[in-house]
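Engineer: What follows is each chain in one-letter form.
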Amino acid sequence: MNGIKIETTDLNLYYGNHHALKAVTMDIRADAVTALIGPSGCGKSTFLKALNRMNDLTKGVRITGRVRLDGVDIYASGVDMTALRRRVGMVFQQPNPFPMSIYDNIAYGPRIHGEKSRARLDAVVERSLRRAAIWEETKDRLKKPAAGLSGGQQQRLCIARALAVEPEVLLMDEPTSALDPASTLKIEELLLQLKRSYTVVIVTHNMQQAARVADDTAFFLAGEVIEKGRTKRLFSGAQDTRTRDYIAGRYG
Amino acid sequence: MDIRLQQADYNRAQGEASMSLTGKRSHTQRIEVLAESVFTVCAFFAVFAVFAITLYMIANGVPAICRLGVREILFSSVWKPTAADPSFGILYVILSSVAGTALAVLLGVPAALLTAVFLAEVAPRPLAAVVRPAVELLAGIPSVVYGLLGMLILNPLMYRLEQRLFRGSGTHQFTGGANLLSAALVLAVMILPTVISVSETALRAVPEQLRASSMALGASRIQTIFRVVLPAARPGIVTAVVLGVGRAMGEAMAVNLVSGGSVNVPLPFSSVRFLTTALVSEMGYAEGLHRQALFTIGLVLFGFIMIVNILLHRILRGADGP
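If you read the sequences in order, they're chains X and G.
Numbering follows my numbering, in which position 67 of the first sequence is assigned residue number 67; successive positions increment by one, without gaps.
Numbering follows my numbering, in which position 244 of the second sequence is assigned residue number 244; successive positions increment by one, without gaps.
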């Protein structure tokens, strides 16, 4: 039985007048994979971004309610954004390595946080690339531009980049939707490895993916959480007809 | 409504397709062919112009080199084209142009880059709405006006500075403030609008996700701008700098008014003559070998601009190409 890593209470989010998240109350278990599913525009990506306050970058966003990370409200005044984002990492839909070498991509986060020792950076780079299962492919070309990697490799590089700052939570916004099936499979295998030491929250449009990798699943519709629980139960017998319809592909 | 319009388009297209199948050349097709040839002619006009200018510059610039020798003209520093025993060394003129341009770029590019960053990344919308038109207006001001302002405002200030710095100096030749430094300052301002607007466009083209990724790693806005956004915009910024160098190198009118105009070693407080200003001020009365030597100056200027365009791009861009 895992403890609760993140709990949201009555979380509402507005883009101007648009009510994008409606009273979302949810517990996210530590060291497990939680999938957020639902049709486009249902608020699942918005919810994901609320967990490391990336919505703050968007103009006209207003948030009420609580998001607690290990019991501490991340929207309380005086929260150090750098420290928060260090603990809660993020991987985006499009693989987006920085325009620099593979090494510098991974070292970017640690350097931002003040790491200067070459030896320690070397160690972090190797460890992060190994954890993201891309060390073997990149160890001989660390000084080469990251743009030279394939799309799937770039995405694993981005995961390694996020891991390099030693986060506790990894948020992933449709991390495989821009990738081919073989690369997708690699990332899914990686996810199953990662959940041993990280809390993973993943937004996905792919029902099979949710079924394959997620321990828990939450179904979003029009800004509300319709149903949430263990993935096995949700996929075998959802209580709400809308959840059943969506999972069966009759919706969205 | 839209659907009906699309349907009409579709029907028309179908009609045309069937007509052309029957062998009649439709009106549309004739226009296609005509348009294509107009585009081709226009495109080749630019190519033709570049070739013509290159050939013309070489044909007119080389004779003086042949008559005087490369050393005598390019690497000699005495420029006395109208003396009884004339001498046509343009080394100081070349060095003045290079030094003036380099100084202008050194002063202007950092300021322009920071302005572009401000406009693209930092400025709140109302403030950007004031700054951007100002920058655009700066681009529209005729260069001779920059020269006039330089003469009226910059030169007197420079003269005061000069008097203070060289008080009691026996060797310094006073210039009244018309010197290399004045020229470089005016040029620095003149290249601002080009460098700003081209770099700003490059910064805006950087995908939002790169910024988000950096912020998600805990970086601040400023860290993100300097470590991710600027490097990502590098190719566009290089283009901006190259355009700025070209503009500074090729500018004649403003420089002519503020730089003094004597041929001298390019020191900050010396009156200097640039490649461009030599042409502007002497072409009117030059004849014979003097005239040919001026064309050589033109050729050198042309060569520099070409080198800047081709080489600088390669060097600055090449490092992290895909």
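Treat the hints as calculated values from the structure; they're not laboratory data.
Mixed in with the good hints, there may be bad ones.
What the hints assert, rightly or not - Quick list of the computed label-pair ranges, beta carbon to beta carbon:
# : chain 1 : residue 1 : chain 2 : residue 2 : range
1 : G       : I305      : X       : A76       : 55 to 63 angstroms
2 : X       : A248      : G       : A134      : 53 to 61 angstroms
3 : X       : D80       : G       : L127      : 27 to 35 angstroms
4 : G       : P156      : X       : G16       : 31 to 39 angstroms
5 : X       : D140      : G       : V41       : 48 to 56 angstroms
6 : X       : E189      : G       : A134      : 50 to 58 angstroms
To be verified - Far from chain G, by Cβ distances over 12 angstroms, these chain X residues were calculated:
#  : residue
7  : T64
8  : T82
9  : R85
10 : R161
Cβ coordinates follow ideal geometry from the N, Cα and C atoms, glycine included.
Engineer: Going back to the hint list, which numbers does this structure go against?
Structural biologist: 4, 8, 9 and 10
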